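Chemist: Here are the chains, one letter per residue:
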Amino acid sequence: MIASMAGALPTEFVMTQISYAAVLPMLLVFGGAMIGVLIEAFAPRRFRHEAQVTLTLLTLVAALVAIATSARDHQGITAAGAVVIDGPALIFQGVIVALAAVGVLAMAERFTADEADAFTQSGAAVPGSPREAAAVRLGATSTEVFPLTLFAVAGMMLFPASADLLVMFVALEVLSLPLYILSGLARRRRLLSQEASLKYFLLGAFSSAFFLFGAALIYGYAGSLELSDIATAVQNQSGMDGLLIPGVLLVVVGLLFKVGAAPFHAWTPDVYQGAPSPVTGFMAAGTKVAAFGALLRVLYVAFEGVRWDWMPILWGVAILTMVVGAVLSVTQTDMKRLLAYSSIAHAGFILVGVLALNQKGVSSTLFYLVAYGFMTIAAFAIVALVRSSGNEATHLSQWAGLGKRSPIVAGVFAFLLLAFTGIPLTSGFTAKFAVFAAAVAGGGTWLVIVGIICSGITAFVYIRIIVLMYFSEPAGDTMVMTPTVMSTLCISLGTLVTLWLGIIPSPLLDLASQSTLFLR
Amino acid sequence: MSLVNYIYLSAILFAIGSAVVLVRRNAIVVFMGVELMLNATNLAFVTFARMNGQLDGQAIALFVMVVAAAEVVVGLAIIMSIYRARRSASVDDANLLKL
Amino acid sequence: MLSPYLVVGGVVLVGVLLFVAAMGARRLIAPSAPTPAKESTYECGVDPVGEGWAQTNVRYFLYAFLYVIFAVDAVYLFPWATVIRSSDLALASLAEVGIFVGVLLIGLAHAWRHGLLRWL
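Protein sequences appear in the order of chains A, B and C.
Mapped onto my numbering, the consecutive letters of the first sequence carry residue numbers 1 to 520.
Mapped onto my numbering, the consecutive letters of the second sequence carry residue numbers 1 to 99.
Mapped onto my numbering, the consecutive letters of the third sequence carry residue numbers 1 to 120.
Read the hints as simulated data drawn from the structure, not as lab findings.
Remember, predicted model here, so these are calculated numbers, not experimental data.
Cβ atoms here follow ideal geometry from the backbone N, Cα and C, with glycine treated the same way.
Treat the hints loosely; a few may be bogus.
Stated by the list, open to error - Not everything, but these chain C residues come out facing chain B in the computed CB check (under 7 Å):
| no. | residue |
| --- | --- |
| 1 | F65 |
| 2 | V68 |
| 3 | V75 |
Kindly produce the complete structure, drawing on both the sequences and the hints.
Modeler: Listed below in structure tokens is the structure:
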């Protein structure tokens, strides 16, 4: 027994070669988060907000520059087969960093106060307790959210770039743990926010356990967690075949949960509603991009050889996701829950692109994610502006007549809703068209038919809101906060990208289709 | 004893853990179910490592333990803050968010 | 084949014997004059109140958290022990472990500055 174990030991420890130029963007973001923690520990309270926002934005810009210059020239599998930097990984990382930068702008909104408006000043204190009041009086700040965001971004960047299921699991946790905390830090309706945090945490931990057990079964089958080794083992079909398919399905379930696909979508509306609106926008955009990146890599690189076993199941999931998202969004009366169900429907449309299983599938999925990410961050930034008696006015009836009260905000929101619908001249149209075209080319005509029907249903929902905003009388005390430069920048960037991708989609489509080749 | 039995054991533990998550009401017990699932997975990793004659699986188990510890810290902090606000850790009482 | 296990078994046996010998010697030598105060769970300090099952003050859970994080992360120091003495890896591994511990220290510094290490 000892002898057999000794035979498995490597004779000598070999130092791992890491291409630091390739992983520089991720190191920058991790480093920025670390400095953020130090600022949180040692900087005086009155400087923290400015320092943290500046640091976070600079870090993200530096990471974007590093992706475009350093990492792009050093593609390959590095860190002993743990991280892969290839075309799709680079594009996904770039998109995540760009979305995070826009999302951070919305988080930094503070109107006329001294600290970020959306976040509680003392997350650890019981809502309404004397301790909370004392913390507010002493000028407690909530600037931890910025380092937490950076940690989440770093996890999101590692997620689609991991070449190993274990690294993918670690990245999944690194991106999720900060988000669990962030979603519990809303300033208003704190009980609701804490509850969202709890639900997100319990279901998230549950699903990551599924992911891990799937990885264990695949390890038993392939003898390795590296995606390329798994792909080889899948081709050769050796030995314990009974482990493979359950393993694949469990891993995919873990990823579909993060994406928010039905029937693993139950957390989405609750968490989107309870979390602070800027966090919801960031989370909806960033997590979707990262998780779809990881899903694409796992399905296209590792499990491609058994596609006939998982394809039918994912077809069912895609159809169910589109139908559930579209039908349930009709019945919603809360704006954030409505956007949550719309995000579920969008996840279904993106899955249609993923299931095309060809080059077009990758590039159209990517385009859809970019389009969806920017419009959803801007939409949630607008939701954070509309207030009624101090709270966010999330009930649909409170949005009645907004077009008369605040024409600009209502106009921008209406434009974003049209983009969600997929009206021509918005990025939503190009994205849906690209995804459906890829699916038809990949033999998924039935998926496309269901997708178009569901698009019609969601169009009804969005148009109803536009009608509500413009053709009904204002009621109640709904008012729109005057955004400072931060929110304004966030909303205009999101809207401009949506418009730009709708009018001139070809640069991004070209870029996406040039980088669809996964390194094995 | 055949090594396959350990795989069966780990699958049973995993199933018990997920049943706990789905059935129990107390958030801390639910969380213990998740931990049971993760540790069942560790058992599977270690057993497969023995079957394949590698040490990778044992190293993986260490990583999983550390990640699980980080998860415990974040999770218990969230549960504590809810408990202090409501004096209850029942997931049924956390019902402000309804369809 | 079995000789490594014999060594382990021998070490365990010696450990058990040492413990038994020490406790046995104490029992033989020490005078015994029990009083109710000496029979109580804690001979010095506050009289124990209530059952064996008691709720622990929440303040301890912060220390439990810090302990969990740092104790579990110590796992990553063990592989380092296998390479620290090799000539070509020593410096590089020292730097890498320095970074690893540095990251943990940043977290500890944050906890310290926010008063989590203070006895409430």
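Chemist: For every hint, state whether the structure bears it out.
Modeler: Results for each hint:
1. F65: 5 Å, holds
2. V68: Interface hint status for V68/C: holds (5 Å vs cutoff 7 Å).
3. V75: Check passed: Cβ of V75/C comes within 5 Å of chain B, closer than 7 Å.
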